[in-house]
Amino acid sequence: MIVTTEKLTKRYGDRAVVDEVSLSVRRGEVYGFLGPNGAGKTTTIRMLLGLVKPTSGTARVLGETPGTPKALLKVGSLIEGPGFYPYLSGRDNLRVHAARRGVHKTHVEAALEQVDLVGAANEKFRRYSLGMKQRLGVAAALLGEPELLILDEPTNGLDPAGMADMRDLVRALAAQGQTVLLSSHVLGEVEEICDRVGVISQGRLVAESTVEQLRGDTVLLIRADPIEKAHVLIEGSSLHGDVLHVRETDAGALVRALVHADVDVQEVRPLRRTLEEVFFEMTGAA
Amino acid sequence: MGSVKAELLRLWKWPATWVLIGVWLVMTLTFGYLFNYLALNGGTNTRDLSQQQLISSMQPENVGAAVVRGLPMFGGAIILVLAALAVGSGYGWGTWKTTLTAGPRRVSAMAGTLGALAIIVVILVALTLFVNLGAAITVASVEGWDWSWPGVGVFEALGASLLIAAMWTGFGVFLGVVTKGPALAVGLGLMWAIVTENLLRGVGSLLGPVEDLTKVLPGGSAGNLAGAVGGSGAPGVLTDLSGTTAALFLVGHVVVFVGVATLLKVRRDLV
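First to last, the protein sequences are chains A and B.
Taking numbering that gives the first Met the number 0, the leading residue of the first sequence gets 0, the next gets one more, and so forth.
Taking numbering that gives the first Met the number 0, the leading residue of the second sequence gets 0, the next gets one more, and so forth.
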């Protein structure tokens, strides 16, 4: 495991912003940390980076205590938007960051290339578009070849093209074997990119599994006539208006049984819950 | 070392650093030489300054005093603004977050900022010395005065200048960390350096204990040290304490400001 937390909790007064969160991120995976705004994602991530001290519970990042130089030097991060000096160029900002990380400045050019910012490297950071700022943040996170990349809402505020660029970038990094912890409230993003997902709601981790497992079993939708007869014939089916829902994977056998019983089968198709539906169920968001 | 290098790189390329240093150099030349020179040559009212005093204040051998006399108030205010901006801006820009997740321990990151600010302040004091010396030599040459190079006393004045500058730097850093932003830090700092201590000195003439207190406050200690090493004729310069006592109080202020700021930086959550 690259990241593990055990009952990690952060309280501000009586309010638990993060409440006994136990999660684990495996080496080489893209882990989606999913939750509505204010669910506790950023506070959890800040605790993993040592920016915020937990009230109770423990966390280990690459086997180290969060926030220690040993841990931080193996982690690259972009937390709630990039924090750079507006009067410095992108290149100089990375040079400053490289000096802090103890990375030789020659690595700066490689990082700029990786995020496709070489052409704009000499422009002042304040003149960058939001997408360029985010990419520079990723470049800074990549300095020093970290074992773990933590990206907190990396597509926040980006236009659709910028979001697609950022997703492509994360996918490319994942393809190279980079472990990524990506927090987001954009379900499609998590569904597209992530191997496993942790869902956090009101400070509590309500689920942690693969996207497939979260969506649950496939349900077959069957439209048939007469529907009542089909409902009686198929054990465990549930009637939803004029269609049946059946937890069954062998659609062929079902259709044969219905046809043998003189039931007209009009439509059979898999009905899968989207991650969005699962998410709304779990978080109570609407 | 990485933290100092990083901070120095960003402070060096920060326009605010050079604007503030430039403003200070213009001020020190204007008030230290230009106005005195104009007063000497055709000024109708030199108030309580005799011609000999004006000439003496512009002599190259007295350049040490010229450097130190401006620092207890106006020079100090500029240094305080520079330090408060350097530290406070990091909260608004989010660069503290980037710094503290880059790898160094918090105490190392803070030491990097303090180290880089110290280097900038040494440069500011050195530039003040060279610019003042240049102006003094120019005036002396133009006027045809006999002049001599500064004696070893200039090192005492420079040491005092650096200690005063260190105190104002520490004060600025302290305010930047406490207020977690540049605007309030600069506002409070300027008010303290230019207004509050002067008001307290006014009250001090009515209340003995307050008068005693004002002598050892940051500006008071700085003024007394400047006065003890020959600085005179500038706002904020005092002669109530010995140089040693004033220096000890200044060291105490530096320790408290830097110590509290570092402690807060290390212990406080960065949200």
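Note that these hints are calculated values from the structure, not bench results.
Note that CB positions come from ideal geometry on N, CA and C, so glycine has one too.
Some hints could be false.
Stated by the list, open to error - Pairwise CB distance ranges (calculated):
#: 1; chain 1: A; residue 1: Lys123; chain 2: B; residue 2: Glu155; range: 40 to 46 Å
#: 2; chain 1: A; residue 1: Arg203; chain 2: B; residue 2: Trp11; range: 46 to 52 Å
#: 3; chain 1: A; residue 1: Glu108; chain 2: B; residue 2: Met190; range: 54 to 60 Å
Status of each hint after checking the structure:
| no. | hint | verdict |
| --- | --- | --- |
| 1 | Lys123/A with Glu155/B: 40 to 46 Å | holds (43 Å) |
| 2 | Arg203/A with Trp11/B: 46 to 52 Å | holds (47 Å) |
| 3 | Glu108/A with Met190/B: 54 to 60 Å | violated (46 Å) |
Consistency note: the structure conflicts with earlier hint 3 alone.
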